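Colleague: These are the residues of each chain, in order.
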Amino acid sequence: MSQEHTLDPNNLPKDPAKSTLEGKHKFLGLWFFLGGETVLFSCFFATYLALKNSTAGGPTSQDLFGLELVFIMTILLLTSSLTSVYAIYHMKNYDFKKMQLWFGITALLGLAFLGFEIYEFYHYITDYGFTFRSSAFGSAFYTLVGFHGGHVVFGLSWLIALMVRNARRGITLKNASKFNTFSLYWHFIDVVWVFIFTVVYLMGMVS
Amino acid sequence: MSIASTQQKGFWAILWDYLTTVDHKKLGNMYIAAGAFFFVLGGIEALVIRIQLAKPENDFISAGLYNEMITMHGTTMIFFAAMPILIGFMNAIMPLQIGARDVAFPFLNSLGFWLFLFGGIMLNLSWFLGGAPDAGWTAYAPLSIQSPGHGMDFYILGLQLSGAGTLMGGINFLVTIVTMRAPGMTYMRMPLFTWTTFVASILILFAFPALTVGLFLLMFDRLFGSAFFDVALGGNSVIWQHLFWIFGHPEVYILILPAFGIFSEIIPVFSRKRLFGYTSMVFATFLIAFLGFMVWAHHMFAVGLGPTANAIFAVGTMAIAVPTGIKIFNWLATLWGGSITINSAMLWSLGFIPSFTIGGMTGVMLGATTADYQYHDTYFVIAHFHYVIVGGVVFGILAGLHYWWPKLFGKVLNEAMGKIAFWFFFIGFHLTFFIQHFLGLMGMPRRYWVFLEGQGLDTGNMISTVGAFLMGIGSLVFIINVVYTTVKGEKAGNDPWGDGRSLEWSISSPPKEYNFKQLPLVRGLDPYWIEKMEGNKKMTPAQPVNDIHMPNGSILPLIMTIGFFIASFGFIYQVDNNLWLIALFGGMAIALGSMLARSLVDDYGYHIHKEDLEKEVD
Chain D
1 MSQEHTLDPN NLPKDPAKST LEGKHKFLGL WFFLGGETVL FSCFFATYLA LKNSTAGGPT
61 SQDLFGLELV FIMTILLLTS SLTSVYAIYH MKNYDFKKMQ LWFGITALLG LAFLGFEIYE
121 FYHYITDYGF TFRSSAFGSA FYTLVGFHGG HVVFGLSWLI ALMVRNARRG ITLKNASKFN
181 TFSLYWHFID VVWVFIFTVV YLMGMVS
Chain L
1 MSIASTQQKG FWAILWDYLT TVDHKKLGNM YIAAGAFFFV LGGIEALVIR IQLAKPENDF
61 ISAGLYNEMI TMHGTTMIFF AAMPILIGFM NAIMPLQIGA RDVAFPFLNS LGFWLFLFGG
121 IMLNLSWFLG GAPDAGWTAY APLSIQSPGH GMDFYILGLQ LSGAGTLMGG INFLVTIVTM
181 RAPGMTYMRM PLFTWTTFVA SILILFAFPA LTVGLFLLMF DRLFGSAFFD VALGGNSVIW
241 QHLFWIFGHP EVYILILPAF GIFSEIIPVF SRKRLFGYTS MVFATFLIAF LGFMVWAHHM
301 FAVGLGPTAN AIFAVGTMAI AVPTGIKIFN WLATLWGGSI TINSAMLWSL GFIPSFTIGG
361 MTGVMLGATT ADYQYHDTYF VIAHFHYVIV GGVVFGILAG LHYWWPKLFG KVLNEAMGKI
421 AFWFFFIGFH LTFFIQHFLG LMGMPRRYWV FLEGQGLDTG NMISTVGAFL MGIGSLVFII
481 NVVYTTVKGE KAGNDPWGDG RSLEWSISSP PKEYNFKQLP LVRGLDPYWI EKMEGNKKMT
541 PAQPVNDIHM PNGSILPLIM TIGFFIASFG FIYQVDNNLW LIALFGGMAI ALGSMLARSL
601 VDDYGYHIHK EDLEKEVD
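Read top to bottom, the protein sequences are chains D and L. Heads up: the first sequence runs through residues 1 to 207, numbered per my numbering. Heads up: the second sequence runs through residues 1 to 618, numbered per my numbering.
Hints listed in this document are in silico derivations from the structure and should not be mistaken for laboratory results. Be aware that a few hints might be false.
[As the list claims (entries may be wrong)] Straight-line Cα separation of at most 27 Å, DSSO-like style, residue types lysine-lysine; simulated pairs:
1. L:Lys610 with D:Lys174
2. L:Lys537 with D:Lys24
3. D:Lys14 with D:Lys97
Quantities reported herein were computed from a predicted structural model and do not represent experimental measurements.
With the hints as constraints, model all of the structure from the sequences given.
Modeller: See below:
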């Protein structure tokens with residue numbers, strides 16, 4: 001299948017991310033991958049639910065969690081998902097500068113989220129002595145939330161690499177699908193966080 | 001490239017070619033070759049187990065070594081022999097069957113292979129680095145947490161590496177089947193092997209992450225001091241059992257469904273009839289896959305989940321017999337009234353039907369919860385799962401090897417040796433495992449290193465050991481056959497069986513690197529058969545001869561894998577010495593660096609030009 005990799009301004013495809021065979025493959029492949037990721041996080045959630053009261057005499061979820069911090073984190077990550085939607089909107093209109101701008105805002109929001117998460121972990125460890133090793137609850141909490149945080153780190157590295165690499169090249173059919181798959185991945189991370197917010201923090205505060 | 005130009009290359013050029021290849025056919029052959037190597041290793045381990053159990057209170061090997069043998073036999077056979085060989089078939093054959101020129105992600109395909117291979121090497125290196133894993137292939141916590149030395153760590157990281165590779169393979173096959181079918185190849189015209197590849201890939205996609213999580217928890221407990229399975233800190237070891245079997249039960253369908261697919265290809269060809277009940281076969285495949293996710297707790301009846309949970313899982317388990325029964329009857333009905341040729345591929349298929357049915361029957365027996373308390377952890381269970389896995393999967397693999405050998409390597413395997421191998425293996429198989437049903441019912445527990453004299457177990461165990469050696473002879477004859485055919489075999493034509501029905505038989509054996517010069521037009525189920533019935537020698541092309549886009553080879557998948565491999569050693573040994581963190585971070589840097597390199601450097605592939613294609617003969 002021969003594909004044009006440079007864009008003809010008079011004949012722009014409607015959706016640059018899915019106009020090549022390679023782009024279609026990546027789109028579908030990432031969806032399948034997210035299916036597998038769903039199982040991965042489901043297993044971490046199940047483990048967490050099974051162990052959340054196994055505090056072994058250490059701090060419990062009621063002792064630890066404060067909703068203010070988690071609320072700010074949630075707002076940051078949800079907003080970053082919205083800004084990535086704007087970025088993809090501009091990509092489909094071939095407005096490269098605006099796409100970069102909105103992806104830039106997405107990256108900043110993601111970094112801010114990550115900063116808060118690192119602060120949160122630091123706070124638990126230094127102020128409560130609540131670590132990965134202190135109880136089964138601790139292990140399950142840091143593993144679930146930490147794997148999500150790891151996904152954020154990977155997503156940010158991915159986004160920054162894409163933005164830097166393509167800074168001077170503009171939108172092409174080759175990189176449009178890459179930006180698009182990134183945004184799908186980023187939405188998934190956001191959805192996982194919504195569940196973490198509910199299952200870990202909200203349920204941890206009430207029970 | 002054609003065969004002639006391959007032969008002119010030097011050894012290093014060929015080696016480089018294989019290290020960097022992204023061609024699905026070469027990768028398929030590499031999967032099969034590596035899987036066969038691990039099959040021999042696992043087979044030797046099986047023979048050692050059987051020698052130890054040949055007579056009462058034998059002291060052929062020590063108790064500790066026996067534990068290592070059973071663990072490595074199970075792990076090797078499931079993860080590094082059966083699965084890779086089947087994935088090899090999927091790789092080599094499935095794109096040909098749907099009329100595609102490659103898989104959707106050739107680079108990922110190569111990465112998946114190398115991860116599998118290095119995972120297997122990792123696991124087996126444990127023999128030389130202080131002892132193999134010894135907590136059983138199921139690695140139940142807390143035994144696997146307390147197992148001394150680094151054996152279990154090699155198990156964890158070896159499976160983690162190869163599991164990642166398998167997941168990539170699954171996603172790759174799914175996308176390939178959805179997007180790359182030739183014109184006219186609708187879903188309900190796909191050959192059954194393609195269907196089972198599709199469904200097994202769905203199972204891989206949704207089952208392997210559960211294993212990934214389980215292995216992470218085990219790794220964190222063993223290497224980083226977490227407390228998932230440490231009861232003193234509130235941990236719960238049953239979590240491992242759930243995660244393992246949420247993966248583990250679909251895993252047996254990941255193995256058996258492609259084998260079902262292989263039989264569904266072979267039986268119609270050698271009966272000269274179309275597959276009976278094609279639609280119901282597809283439906284049954286999906287139903288088995290769906291139910292396969294609902295029954296994991298039947299491995300845990302004796303844990304104490306309670307009568308309600310046990311009853312639900314018992315019913316689900318028995319329900320699987322229905323779609324499986326549909327398949328058995330469809331194969332029988334395909335044979336019925338057919339013009340049957342009995343050759344090696346067909347012998348393995350015919351041997352499969354009764355053998356697998358026995359295994360399915362004992363499966364229903366084991367599914368009856370109350371009775372299961374009697375069977376649990378006895379040789380009855382061993383007999384059951386060897387009947388389904390050897391009688392189903394291994395027979396399927398051997399049938400598939402005979403059937404597709406000409407397509408993979410361009411030569412037909414020797415028939416006489418094929419039949420000798422079958423009879424040795426088939427008789428040996430039943431001798432080994434049939435008697436084990438009774439040993440189990442008499443109370444012989446599994447995983448025990450010795451049994452006592454005078455408990456009625458002596459003769460049965462001796463018979464079982466003799467049978468194992470007959471299977472060994474059968475395997476040896478097959479290997480001799482492979483060597484003999486490679487040296488002396490005659491070149492095969494496009495359609496060596498004469499009655500090939502699916503697209504792979506319409507192209508040369510082995511196929512050109514681009515598979516189809518022109519994509520074929522598919523006009524129905526069994527497209528090549530339809531064309532032959534209308535007197536055509538070739539498929540009707542769906543497009544004119546044009547430039548063909550091909551992916552570039554790359555060494556990056558291998559480098560990436562070596563990075564993860566080094567990092568795995570870092571993970572294992574950082575417990576002993578912090579200096580190993582250098583290996584951990586260094587390995588990760590290599591792996592992530594090559595991922596970045598792959599992402600930053602655009603790879604547009606190359607084109608085989610129309611003019612060159614027109615010069616090639618079909």
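Colleague: A separate judgement is required for each hint: does it hold in the structure or not?
Modeller: To see whether the hints hold, each was checked on the structure:
1. Taken as a hint, the Lys610 of chain L and Lys174 of chain D pair is honoured in the structure, with Cα atoms around 24 Å apart against an allowance of 27 Å.
2. Taking the CA atoms of Lys537 of chain L and Lys24 of chain D, the gap is about 34 Å. The hint is violated against a cut of 27 Å.
3. With a CA separation close to 19 Å, the supplied pair Lys14 of chain D and Lys97 of chain D stays within the 27 Å bound.
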